[in-house]
Amino acid sequence: MAMAADEIAALIRQSIPDASVEITDLAGDGDHYAARVVSESFRGLPRVRQHQRVYEALGGRMGGVLHALQLTTATP
Amino acid sequence: MTEDVQARIDQAVKGSDVLLFMKGSPLFPQCGFSSRAIAILDRLGVDYASIDVLQDQGIRQGIKAYSDWPTIPQLYVKGEFVGGSDIMMEMYESGELAELMTKSGVAQKAA
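Just so you know, the protein sequences line up as chains A and B, in that order. FYI, in full-length UniProt numbering the residues of the first sequence are 1 to 76. FYI, in full-length UniProt numbering the residues of the second sequence are 1 to 111.
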């Protein structure tokens, strides 16, 4: 059920092309990840909207197959 | 379910200055993210209400539609959706969360 780290990164880059994405496997179990996403397109967006952009990129997997994704967003 | 649930959620959100939708209760959080959210609110020293979504499947699903946000916990301040535990942590560390509470007129006990 879990997702691979590069699969998560690929989905994010697909929908936010300029994003730099860093995925960390927090527990080494392929199920608890931290993602840091940096994109110029986040500039001026409230944090909730920035996270929402990433969730949209993950297309409904967030909260489902991806229960434990700790997300940080930033602008370059 | 939907309309009734949305109305109930709306009422709850507007009925408390600070409201956390979470898994479990503040004393017994049932998930690490909810536990983290509680720790942040306690550290800020604000009074808050909480709703355990595990007790109500309608609310558990309905809250995701209400906020267009896929995960729980979810924090609301003065009826406005603030974010989940990651956002709470970022805002807590940068001081923005304390600032938001102050701006919203929510009392914080001095740490």
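Keep in mind that a hint or two might mislead.
Stated by the list, open to error - Distance ranges between label pairs, derived from CB positions:
id : chain 1 : residue 1 : chain 2 : residue 2 : range
1  : A       : 15        : B       : 109       : 40 to 50 Å
2  : A       : 22        : B       : 107       : 30 to 40 Å
3  : B       : 94        : A       : 17        : 24 to 34 Å
4  : B       : 105       : A       : 29        : 39 to 49 Å
What the hints assert, rightly or not - Short, incomplete list of chain A residues facing chain B, as computed with Cβ under 10 Å:
id : residue
5  : 14
6  : 15
7  : 46
8  : 50
9  : 55
10 : 61
11 : 63
12 : 66
13 : 68
14 : 70
15 : 73
These are computed hints drawn from the structure, not numbers from a lab. Note that the structure is a prediction, hence the values are computed from the model and not measured. For glycine and all other residues, C-beta sits at the position ideal for the given N, C-alpha and C.
Hint validation: residue 50 of chain A versus chain B, beta carbon distance must be below 10 Å. Holds or violated?
9 Å, holds
Between residue 105 of chain B and residue 29 of chain A, is the Cβ distance one that fits in 39 to 49 Å?
43 Å, holds
Residue 46 of chain A was flagged as interface toward chain B. Is the shortest Cβ-Cβ separation under 10 Å?
Holds: closest Cβ of chain B sits about 9 Å from residue 46 of chain A, inside 10 Å.
With 10 Å as the cut and Cβ atoms as the points, is residue 70 of chain A at the interface with chain B?
6 Å, holds
Hinted contact residue 15 of chain A with chain B - closest CB pair below 10 Å
15 Å, violated
Is the hinted range of 40 to 50 Å satisfied by the C-beta distance from residue 15 of chain A to residue 109 of chain B?
Hint holds: Cβ distance 42 Å, inside 40 to 50 Å.
Using Cβ atoms only, decide whether residue 68 of chain A comes closer than 10 Å to chain B, and label the hint accordingly.
8 Å, holds
Classify the hint on residue 66 of chain A as holds or violated, based on whether any CB of chain B lies nearer than 10 Å to its CB.
9 Å, holds
Do the numbers back the hint for residue 61 of chain A, that is, is its least Cβ distance to chain B under 10 Å?
9 Å, holds
Minimum Cβ distance from residue 63 of chain A to chain B below 10 Å?
3 Å, holds
Take the C-beta atom of residue 94 of chain B and the C-beta atom of residue 17 of chain A, compute their distance, and say whether it sits inside 24 to 34 Å.
Roughly 28 Å apart at Cβ, these two residues keep to the hinted range, so it holds.
Would you check whether residue 14 of chain A satisfies its interface hint, that is, whether its CB is within less than 10 Å of any CB in chain B?
Status violated, d = 18 Å.
In summary, the structure is inconsistent with hints 5, 6 from the numbered list given earlier, while agreeing with the others.
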